[in-house]
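Number of protein chains: 2
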Amino acid sequence: MSYYEDTVVQMGRTLRNLRAMLDKAAEFAGARGAEADCFVGFSLHPDMRPFAFQIQAACDAAKFAAARLAGVEPPKNPDTEKTLDELRARIDATLAFLDGLEAAQFDGAGEREVPISFLPGKAAYGADYLREFVLPNFYFHSAMAYALLRQAGVSLGKRDFITHLTLHDVAS
Amino acid sequence: MSYYEDTVVQMGRTLRNLRAMLDKAAEFAGARGAEADCFVGFSLHPDMRPFAFQIQAACDAAKFAAARLAGVEPPKNPDTEKTLDELRARIDATLAFLDGLEAAQFDGAGEREVPISFLPGKAAYGADYLREFVLPNFYFHSAMAYALLRQAGVSLGKRDFITHLTLHDVAS
Numbered sequence: 001m002s003y004y005e006d007t008v009v010q011m012g013r014t015l016r017n018l019r020a021m022l023d024k025a026a027e028f029a030g031a032r033g034a035e036a037d038c039f040v041g042f043s044l045h046p047d048m049r050p051f052a053f054q055i056q057a058a059c060d061a062a063k064f065a066a067a068r069l070a071g072v073e074p075p076k077n078p079d080t081e082k083t084l085d086e087l088r089a090r091i092d093a094t095l096a097f098l099d100g101l102e103a104a105q106f107d108g109a110g111e112r113e114v115p116i117s118f119l120p121g122k123a124a125y126g127a128d129y130l131r132e133f134v135l136p137n138f139y140f141h142s143a144m145a146y147a148l149l150r151q152a153g154v155s156l157g158k159r160d161f162i163t164h165l166t167l168h169d170v171a172s
Numbered sequence: 173m174s175y176y177e178d179t180v181v182q183m184g185r186t187l188r189n190l191r192a193m194l195d196k197a198a199e200f201a202g203a204r205g206a207e208a209d210c211f212v213g214f215s216l217h218p219d220m221r222p223f224a225f226q227i228q229a230a231c232d233a234a235k236f237a238a239a240r241l242a243g244v245e246p247p248k249n250p251d252t253e254k255t256l257d258e259l260r261a262r263i264d265a266t267l268a269f270l271d272g273l274e275a276a277q278f279d280g281a282g283e284r285e286v287p288i289s290f291l292p293g294k295a296a297y298g299a300d301y302l303r304e305f306v307l308p309n310f311y312f313h314s315a316m317a318y319a320l321l322r323q324a325g326v327s328l329g330k331r332d333f334i335t336h337l338t339l340h341d342v343a344s
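Chains as they are written, first to last, in the working numbering: chain A, 1 to 172; chain B, 173 to 344.
Treat the hints as calculated values from the structure; they're not laboratory data. One should not assume that every hint holds.
To give an idea of the interface, some chain A residues facing chain B are shown, with a C-beta separation under 7 angstroms as derived from the structure [claimed, not checked]: (1) 140; (2) 147; (3) 159; (4) 161.
Just so you know, even glycine gets a beta-carbon here, dropped at the ideal spot from N, CA and C.
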C-alpha cells in the first residue's frame with residue numbers, strides 16, 4: 001500500500017492544495033482589479049523558471065512517479081499552459097491520471113527498475129527513485145509555486161501546504 | 173532500513189546540500205564585498221519568516237522526525253543563530269545527532285505512536301507522520317532557504333538541491 005499512499009494519495013493531496021492556492025491567487029488578483037493570469041509568468045529571479053513551469057513540474061513529478069512505480073505508461077502533457085485556468089486543468093488532468101490507478105498496481109514498486117531517461121543504460125530501484133529524487137523534486141516545485149504566490153502577497157500559510165495528518169486518540 | 177534511509181540518510185544528505193549552499197552564499201557575498209550574514213534576515217515577504225528560520229525549521233524537521241521514529245529524546249536547539257557560521261553549526265549539530273542513530277533503532281518505526289505536541293491526546297503512526305507531515309515540511313523549509321538565496325542572485329540550480337540518485341547498470 002505504501003507506494004500508492006506516497007504517490008496517488010499524498011502527492012494528489014498536495015496537488016489539490018496547489019489548486020486551492022491558484023483559487024486564492026485568482027481571488028487576490030480579482031480583489032485588486034488585476035488579471036489573475038499575471039501570476040503565470042512570475043519568477044523569483046530572471047534566470048529562474050516561472051510559476052507556470054513550477055506547476056507543470058510538480059504535476060509531472062507526480063505523474064511520472066506514479067507511472068514508473070505502477071509500471072504503466074504516463075500520459076503526455078505538452079506544457080502549453082498560459083493561464084491560471086489552464087494550470088488548473090493541468091492539475092486536474094494529473095489528478096485524473098493518479099486517481100485512475102489502483103493500489104495493487106504498486107505491489108513490489110520498491111524493487112521495480114526505473115529507467116533514467118537522461119542516463120541511458122542506468123536505472124534506479126523504485127524505493128531509491130522515490131526517496132532520493134521524486135519527493136525532493138515534487139516538493140521543491142510545489143514549494144516554489146507557493147513561494148511565488150506568497151511573495152506576490154497572496155495570503156498563504158503552511159496550513160495551505162500541509163492540510164492533513166492522519167491522527168488517532170491515545171489513552172490519557 | 174527504510175525509515176533510517178528516509179531520515180538519517182536522505183534528510184542528512186539534504187542538510188549537507190543546504191550547508192554547501194551556505195558556502196556558496198558566503199562566497200557570493202564575499203566576491204561583492206558584502207557581509208555574508210546579510211542573508212540571515214532575508215525574507216520573501218514582510219510577514220514571512222526569514223532565511224535563518226528556514227534553516228532552523230529544516231534542521232528541526234529532520235531532528236524531530238529521526239527522534240520520534242527512532243524513539244529517542246531529541247536534543248534541544250534554542251534558535252539563537254544570527255550568523256551564517258552559526259547556521260552552519262546548527263546544521264552540523266543536527267547532522268551529528270542524526271549520524272549518532274543506528275538503523276536498528278528505526279525497526280517498526282512505521283507503527284510507532286508519535287504524539288502531536290499541539291494536539292494533546294492525539295497521535296499519528298510513524299508512517300503517516302513521515303509521509304503526510306515530515307517530508308512536506310522538511311522539503312518546504314529547505315526549498316524556502318534555496319529560494320531566498322536564489323532570489324538574491326546566488327548561482328544555484330536543482331543539482332544543488334538534489335545531489336544523489338542510487339543507480340545501477342541495466343542490460344541493454
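Regarding the hint that residue 147/A lies at the interface with chain B, is the smallest CB-CB distance below 7 angstroms? Cβ of residue 147/A sits 5 angstroms from chain B, so the hint holds.
Under 7 angstroms, Cβ to Cβ, is where residue 159/A needs to be relative to chain B, so tell me if that hint holds or is violated. Not OK, violated: residue 159/A not within 7 angstroms of chain B, min 11 angstroms.
Given residue 140/A as an interface hint, is the shortest Cβ-Cβ distance to chain B below 7 angstroms? Since the shortest Cβ distance to chain B is 5 angstroms, the answer is holds.
Does the closest beta carbon of chain B sit nearer than 7 angstroms to the beta carbon of residue 161/A? Holds, about 6 angstroms.
The structure fails hint 3 only (numbered hints given earlier).
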